[in-house]
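Got chain A; can you put chain B on it based on the hints?
Number of protein chains: 2
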Amino acid sequence: MDTIPELKRPAFARWLGTTNEVTRRFLGAGRIPGLINIAGGLPAPELYPAAELAAIARQVIEEHPEETLGYAPIEGLPDLRDALAARFSTQALKLGRANVLVTASGLQGLDLIGKVLVEEGGLIAAQFPTYLGALDAWRPRQPRYRHVDLEDASLDPVAALQGAQFAYTVPNFSNPTGKLVGLPMRRALVEAAHRTGTWLVEDDPYGGLHYDGPPLPRLITLSGDRQPGQVYGGPVVYMGTLSKEVVPGLRIGWMIAAPAMIEALVMAKQGADMCTSGVTQRMALVALEGGLIERLRPVIVALYRARRDALCAAMAEHLSDWFEWEVPVGGMFVWAVARDPALDTDRLWSIALKAGVCVSPSSVFDSTGANRRALRLNFTLNPPNRLAEGVRRLAAALKTMADQSHD
Amino acid sequence: MDTIPELKRPAFARWLGTTNEVTRRFLGAGRIPGLINIAGGLPAPELYPAAELAAIARQVIEEHPEETLGYAPIEGLPDLRDALAARFSTQALKLGRANVLVTASGLQGLDLIGKVLVEEGGLIAAQFPTYLGALDAWRPRQPRYRHVDLEDASLDPVAALQGAQFAYTVPNFSNPTGKLVGLPMRRALVEAAHRTGTWLVEDDPYGGLHYDGPPLPRLITLSGDRQPGQVYGGPVVYMGTLSKEVVPGLRIGWMIAAPAMIEALVMAKQGADMCTSGVTQRMALVALEGGLIERLRPVIVALYRARRDALCAAMAEHLSDWFEWEVPVGGMFVWAVARDPALDTDRLWSIALKAGVCVSPSSVFDSTGANRRALRLNFTLNPPNRLAEGVRRLAAALKTMADQSHD
Chain A
1 MDTIPELKRP
11 AFARWLGTTN
21 EVTRRFLGAG
31 RIPGLINIAG
41 GLPAPELYPA
51 AELAAIARQV
61 IEEHPEETLG
71 YAPIEGLPDL
81 RDALAARFST
91 QALKLGRANV
101 LVTASGLQGL
111 DLIGKVLVEE
121 GGLIAAQFPT
131 YLGALDAWRP
141 RQPRYRHVDL
151 EDASLDPVAA
161 LQGAQFAYTV
171 PNFSNPTGKL
181 VGLPMRRALV
191 EAAHRTGTWL
201 VEDDPYGGLH
211 YDGPPLPRLI
221 TLSGDRQPGQ
231 VYGGPVVYMG
241 TLSKEVVPGL
251 RIGWMIAAPA
261 MIEALVMAKQ
271 GADMCTSGVT
281 QRMALVALEG
291 GLIERLRPVI
301 VALYRARRDA
311 LCAAMAEHLS
321 DWFEWEVPVG
331 GMFVWAVARD
341 PALDTDRLWS
351 IALKAGVCVS
361 PSSVFDSTGA
371 NRRALRLNFT
381 LNPPNRLAEG
391 VRRLAAALKT
401 MADQSHD
Chain B
408 MDTIPELKRP
418 AFARWLGTTN
428 EVTRRFLGAG
438 RIPGLINIAG
448 GLPAPELYPA
458 AELAAIARQV
468 IEEHPEETLG
478 YAPIEGLPDL
488 RDALAARFST
498 QALKLGRANV
508 LVTASGLQGL
518 DLIGKVLVEE
528 GGLIAAQFPT
538 YLGALDAWRP
548 RQPRYRHVDL
558 EDASLDPVAA
568 LQGAQFAYTV
578 PNFSNPTGKL
588 VGLPMRRALV
598 EAAHRTGTWL
608 VEDDPYGGLH
618 YDGPPLPRLI
628 TLSGDRQPGQ
638 VYGGPVVYMG
648 TLSKEVVPGL
658 RIGWMIAAPA
668 MIEALVMAKQ
678 GADMCTSGVT
688 QRMALVALEG
698 GLIERLRPVI
708 VALYRARRDA
718 LCAAMAEHLS
728 DWFEWEVPVG
738 GMFVWAVARD
748 PALDTDRLWS
758 IALKAGVCVS
768 PSSVFDSTGA
778 NRRALRLNFT
788 LNPPNRLAEG
798 VRRLAAALKT
808 MADQSHD
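Here the protein sequences line up with chains A and B, keeping their order.
Note that the working numbering gives residue 5 to position 5 of the first sequence, counting from 1, and the numbers run on in steps of one.
Add 407 to a position in the second sequence, counting from 1, and you land on the number used in the working numbering.
FYI, nobody ran anything at the bench for these hints, they're computed from the structure.
Each hint should be verified, as a subset may be incorrect.
[As the list claims (entries may be wrong)] With a Cα cut of at most 20 Å, we get these calculated SDA-like pairs of lysine to any residue:
| hint | chain 1 | residue 1 | chain 2 | residue 2 |
| --- | --- | --- | --- | --- |
| 1 | B | LYS761 | B | GLU696 |
| 2 | A | LYS8 | B | LYS761 |
| 3 | A | LYS8 | B | GLU670 |
| 4 | A | LYS8 | B | GLN811 |
[Unchecked claim] Part of the chain B face toward chain A, derived, beta carbon under 7 Å:
| hint | residue |
| --- | --- |
| 5 | PRO452 |
| 6 | GLU453 |
| 7 | MET681 |
[Unchecked claim] Label-pair ranges, simulated between beta-carbon atoms:
| hint | chain 1 | residue 1 | chain 2 | residue 2 | range |
| --- | --- | --- | --- | --- | --- |
| 8 | B | GLY589 | A | VAL231 | 53 to 63 Å |
| 9 | A | VAL301 | B | ALA713 | 53 to 63 Å |
| 10 | A | GLY96 | B | GLY697 | 21 to 31 Å |
| 11 | B | GLU470 | A | ARG295 | 39 to 49 Å |
| 12 | B | ALA451 | A | GLY17 | 20 to 30 Å |
| 13 | B | ILE439 | A | ALA260 | 23 to 33 Å |
| 14 | A | THR400 | B | GLY604 | 27 to 37 Å |
| 15 | B | ALA713 | A | GLY96 | 41 to 51 Å |
| 16 | A | VAL231 | B | LEU590 | 55 to 65 Å |
Bear in mind that the values here come from a model prediction, so they are computed numbers and not experimental data.
Glycine included, each C-beta is placed from N, C-alpha and C at the ideal position.
Next up, chain A with everything else stripped away, as it sits in the complex:
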């Protein structure tokens, strides 16, 4: 019976071959003992409101057993959708339940938007460099990318958006660069989206993490201002999450968009996981209604501001011969660009790993993998002394690399 040799298994889909090597190794590198991880976008676990969330978890199941333990509506729990609609409404921006989809994390939102808007070879106009998770989410759709540099003063937003299925932006403290998109560019992007019809995705996980100065208006708010008082039907697709301001472990995110877009996303969500857990959705609702985000924010902001300053101080002491950077006004990351365009940060990444520090090389934020001149450094996970030690190890790796080059 076993004498007939087995045939080869069918090939995996082509997109699985498109992940670059560094990305694979990068994702596996986080668990080396003693390693200082300043690569990820992880919140500080000492800030998790564990006791409060433990009590909420028990409460929501006891008080709402059928809603939390049964299948939830695909769109999300009605009360949570209403609370999110109210939270993001302004005087001009009118949002109702039909504008809201609850997702299992911001990343799921990216998967869903790819499914509903991208055929194989479809065009995405993506803020460049681009969040690694977004590139991963869209890989199975095999899109083409148009790189959009929102810091380029000569950028024509209409030309940037025209003909794309959607434009992807992280206006608040972009991942990976930590940059804040200013008000004139925000207005220009929204204007371009309305002019061209192109959907404009506003991915906003870090919007609450501003350390210097007030927040700028959201793109969806600016879009809503154009048709005040009407239920929102414009081109902006706003995405938020609890991951960076409360905890990642609930896996709760949301999308706010025109009802027609929400309907399409619901069809995709139905085929992705049917619904999000009623337990974590109800927990999110209690957290939102109880003002948990607002109570946590000053604590988080103070801690992260101090850590940003500690990282930047250590960088100024040890890295300024090799790299230049701006001190970010919010978010989780510093983007360091090599002064020498020939410095290869993929190579540096490997050497740094051996020196005991993991950083994010710029190649993973480029769909082509070609950008090898920068690093993304995270300052939220580690306390100041670990950040300083991580930077010292990185500087040692730079010296090792320089010595190797001179051999």
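Frame of chain A; chain B shown alone:
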């Protein structure tokens, strides 16, 4: 500024246009007041172990705050993967952590398998009729289908599997037909998968719900028997879930397969939602380790067996002129096939909805929508008196339809 008219928004992806009308209406029909819903595959909520799960929820967050509230590993919590590997191992079938991926529900597993194996136009050999959720999960990949009738005694399993990317089966109490695939066909399918190389997906949400007689061996167990004692590397991809045997609201499922397949699925999971909630994963682990499934099973089985009998008795009284069916030996569904091949169950579905009962027409379990001769009736959600009333309403709808045809 607003005088320039907005251009049309980019088109949604083509697959969104392929959902049939009945499916759309069917999914929206569940919330009509007074309606008796025997359409879905919903467990009986009175069996949810709410008090126990509420206590577990609090406990897991208090005892494991970083693991439950932080980002979990993409593959799932190591302890949960180990527990699942141990649970499904047999003397011959050797499973380790590398064989297991935790998913956010069985449905997510279907989405992931589509992503890693199907290019546009790729071929899936699917047990026919086919679970609606599987068709939904694979729609964005735009596959072709080969219908495989596992009740056809003349079926050649090698011919059925040859050349397909994977074969999809629900051996235990298939959704929608409730049929149990017998041992000879199980052996033949596994043999064919080994011969052809084709991946063989064993979707097993109902495996614990057998009402008459003992369970049959799983396909993955039969496959493991061929290479006893080696870490499993064969062609079967086994999928399970807590949804039907504990509660759906935790959204916890699992995939057990060769490590190479798990690695590919992990890449897809990374771009789908990054990870599943640590809260619900730890809850699943405590439930599994505490024997919750084994304690619940006799209660669930007794209740569902009685409801199956009640539904079938009502059907025998009211529907036997129009339909024929087999009493299912497990699962959640009775599959009723019209005696008259011209009877249109899509039309009946609409009339029945007006008569106050929602059933599942066979067209939604056919990727072409052409199969309009059968109904799927669920017996797990409603108590016997509601099941009987639902069947009476269905009989009234059949009489209305007959009267309309005579006009």
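Item to check | Violations among the numbered hints | outcome: Numbers 1, 2, 4, 6, 10, 11, 12 and 14, in rising order.
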